[in-house]
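For the sequence shown, our numbering gives the first residue as 415, with consecutive numbering after it.
Any given hint might turn out to be false.
Claimed, not checked - Derived pair list, reagent style DMTMM-like, types lysine to aspartate or glutamate, alpha-carbon separation capped at 20 Å:
no. : residue 1 : residue 2
1   : Lys523    : Glu457
2   : Lys758    : Asp768
3   : Lys758    : Glu693
4   : Lys760    : Glu806
5   : Lys513    : Glu525
6   : Lys627    : Glu702
7   : Lys659    : Asp624
8   : Lys760    : Glu693
9   : Lys785    : Glu837
10  : Lys677    : Glu702
11  : Lys522    : Glu620
12  : Lys807    : Glu745
13  : Lys836    : Glu745
14  : Lys836    : Asp810
Just so you know, the hints here were simulated from the structure itself, not pulled from any lab data.
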Amino acid sequence: MSLRSKIYGYSSVLFAVLLIAVNLSVYIVFERMSIDNEVNRVEAEAESIVKGVRQSAGSIPPDDLLRAYAPVNGMLRIVNEDGTSSPVTTTSASEQLSKLPYKYESEKKSEYTQVEQIGYVWVSVPVIWPDGEVVNVQVTESIAETENRLSVLRTVLVAVTIIALIPAIISSRILANRMTRPIQQMTRTMSDIQSSGQFKRLPLEEGSKDELKTMGQTFNRMMDLLESNFERQERFVSDASHELKTPLTIIESYASLLQRRGKERPEVFDEAVEAILSESVRMREMTEQLLLLAKQPEQWNVQLERVDITRVATDSARVFREAYHREVRCEDRGPIWAISDESKLKQLLFILLDNARKYSEDAIEVRLEAKEQECRIRIVDTGIGMREDELEKVFDRFYRVDPARTRSLGASGSGLGLSLAKELAGAVGARIELTSTEGEGTEASIILPISVQNGPLS
Numbered sequence: 415m416s417l418r419s420k421i422y423g424y425s426s427v428l429f430a431v432l433l434i435a436v437n438l439s440v441y442i443v444f445e446r447m448s449i450d451n452e453v454n455r456v457e458a459e460a461e462s463i464v465k466g467v468r469q470s471a472g473s474i475p476p477d478d479l480l481r482a483y484a485p486v487n488g489m490l491r492i493v494n495e496d497g498t499s500s501p502v503t504t505t506s507a508s509e510q511l512s513k514l515p516y517k518y519e520s521e522k523k524s525e526y527t528q529v530e531q532i533g534y535v536w537v538s539v540p541v542i543w544p545d546g547e548v549v550n551v552q553v554t555e556s557i558a559e560t561e562n563r564l565s566v567l568r569t570v571l572v573a574v575t576i577i578a579l580i581p582a583i584i585s586s587r588i589l590a591n592r593m594t595r596p597i598q599q600m601t602r603t604m605s606d607i608q609s610s611g612q613f614k615r616l617p618l619e620e621g622s623k624d625e626l627k628t629m630g631q632t633f634n635r636m637m638d639l640l641e642s643n644f645e646r647q648e649r650f651v652s653d654a655s656h657e658l659k660t661p662l663t664i665i666e667s668y669a670s671l672l673q674r675r676g677k678e679r680p681e682v683f684d685e686a687v688e689a690i691l692s693e694s695v696r697m698r699e700m701t702e703q704l705l706l707l708a709k710q711p712e713q714w715n716v717q718l719e720r721v722d723i724t725r726v727a728t729d730s731a732r733v734f735r736e737a738y739h740r741e742v743r744c745e746d747r748g749p750i751w752a753i754s755d756e757s758k759l760k761q762l763l764f765i766l767l768d769n770a771r772k773y774s775e776d777a778i779e780v781r782l783e784a785k786e787q788e789c790r791i792r793i794v795d796t797g798i799g800m801r802e803d804e805l806e807k808v809f810d811r812f813y814r815v816d817p818a819r820t821r822s823l824g825a826s827g828s829g830l831g832l833s834l835a836k837e838l839a840g841a842v843g844a845r846i847e848l849t850s851t852e853g854e855g856t857e858a859s860i861i862l863p864i865s866v867q868n869g870p871l872s
């Protein structure tokens with residue numbers, strides 16, 4: 415059974431059960447009230463007979479008195495204390511009433527009974543008869559009119575139940591269709607994605623705030639993530655196949671050269687080994703950067719915390735200085751606390767320091783600034799700089815500054831460093847600003863949100 419059929423069936427049955435329960439309750443309450451009213455009425459008539467007997471004080475013959483009080487559709491009976499009955503006084507056409515069993519009741523009593531499918535109210539009231547004997551005045555009276563009204567009420571309630579079920583069933587159908595429409599749309603969209611290979615989104619109703627819209631929004635966000643991952647993977651495969659072709663060709667060429675002349679000419683051997691090693695290192699670095707760029711920022715396991723950027727910048731400058739034997743000066747302004755991921759921030763610093771190293775020969779400076787809401791780590795070099803049109807492109811993948819200007823420095827790279835730096839900055843909640851003047855140098859700034867609390871983590 416489909417979900418739509420279940421919703422349709424369950425809601426229809428539930429409404430029918432509730433409607434029947436309500437109507438049944440109404441009927442039972444009305445029936446009880448009607449019978450109670452009839453019992454009270456017959457009790458009042460019996461009390462009136464008793465009062466008449468007392469007031470007559472023997473002046474009127476009892477038979478005449480009883481005949482005067484006899485009900486139109488019922489029976490009046492006098493039951494002696496010994497259980498015998500006087501002649502029945504009745505005006506009812508039913509002879510069955512006189513055949514009903516009877517007995518003496520010491521207390522006032524009333525009940526509802528049926529004779530030949532006709533309802534009667536029976537009331538027994540003890541009274542002192544004119545001769546001094548204690549007897550029961552028992553009145554039995556038909557409530558056919560009340561039962562007719564109850565029959566009409568039953569018919570009306572049954573008709574109302576049937577009539578009300580028709581729109582209820584129709585509305586249940588509409589409700590089931592409306593509730594399952596987003597699920598059906600999702601199913602169709604997923605089938606379209608499977609058949610077409612395109613990432614599609616669910617249309618969402620404006621103004622709706624229910625769980626179905628939330629489910630649709632979640633589905634669309636999942637499609638955004640899947641599409642982003644798919645595009646990153648496609649870009650990775652395309653970039654890798656394109657960029658690895660050159661170093662692989664160089665390695666293959668030098669390997670072939672080694673095979674032909676390496677044994678005979680030592681200078682060829684040294685040149686080939688150096689070229690193969692250089693290209694292998696470049697390939698490894700490029701592959702690592704491509705793999706990082708292929709990941710979603712959520713997959714980098716970023717853990718934001720309070721970080722002392724002075725310590726991070728000082729440590730990074732020292733490690734970089736020892737690794738590349740380049741002068742890197744870092745000012746110490748005391749602890750400056752920011753919100754970031756320490757390991758990712760160090761990786762970002764290394765990328766920018768390495769970029770400064772490749773395109774400059776003099777000392778690299780790392781400067782620190784702290785303001786009310788943000789702090790900056792500035793990496794400043796006095797290298798070849800860049801033109802304004804190049805600044806707009808340096809964050810694009812595989813973009814390289816004009817080789818004619820970098821050849822004298824022997825600078826070479828994959829063109830992925832600044833692209834990766836931009837991704838890292840976004841992941842750790844930072845941003846990068848780049849300013850440069852051709853022939854004078856470049857300044858790269860990492861801007862981070864400052865920590866409100868001053869001091870180390872507790």
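Outcome of the hint check:
Of the supplied pair hints, the one linking Lys523 and Glu457 holds, its CA atoms being roughly 9 Å apart against a limit of 20 Å. Proximity of Lys758 to Asp768 is assessed by CA-CA distance (about 15 Å); at most 20 Å being required, the pair is judged to hold. In summary, the hint linking Lys758 to Glu693 is not supported, as the alpha carbons are separated by about 26 Å, beyond the 20 Å threshold. The suggested pairing of Lys760 with Glu806 is violated, with an alpha-carbon distance near 25 Å, which exceeds 20 Å.
Between Lys513 and Glu525 the alpha-carbon distance is near 17 Å, which keeps this suggested pair within the 20 Å criterion. Pair hint Lys627 plus Glu702 does not hold up; C-alpha atoms about 40 Å apart against a cutoff of 20 Å. Of the supplied pair hints, the one linking Lys659 and Asp624 is violated, its CA atoms being roughly 53 Å apart against a limit of 20 Å. Between the alpha carbons of Lys760 and Glu693 the distance comes to roughly 26 Å, so the proposed pair goes past 20 Å and is violated.
Taking the CA atoms of Lys785 and Glu837, the gap is about 24 Å. The hint is violated against a cut of 20 Å. Using a Cα cut-off of 20 Å, the hinted pair Lys677 and Glu702 is violated, with the two alpha carbons roughly 34 Å apart. With a CA separation close to 72 Å, the supplied pair Lys522 and Glu620 exceeds the 20 Å bound. Proximity of Lys807 to Glu745 is assessed by CA-CA distance (about 30 Å); at most 20 Å being required, the pair is judged violated.
Pair hint Lys836 plus Glu745 does not hold up; C-alpha atoms about 24 Å apart against a cutoff of 20 Å. Taken as a hint, the Lys836 and Asp810 pair is honoured in the structure, with Cα atoms around 10 Å apart against an allowance of 20 Å.
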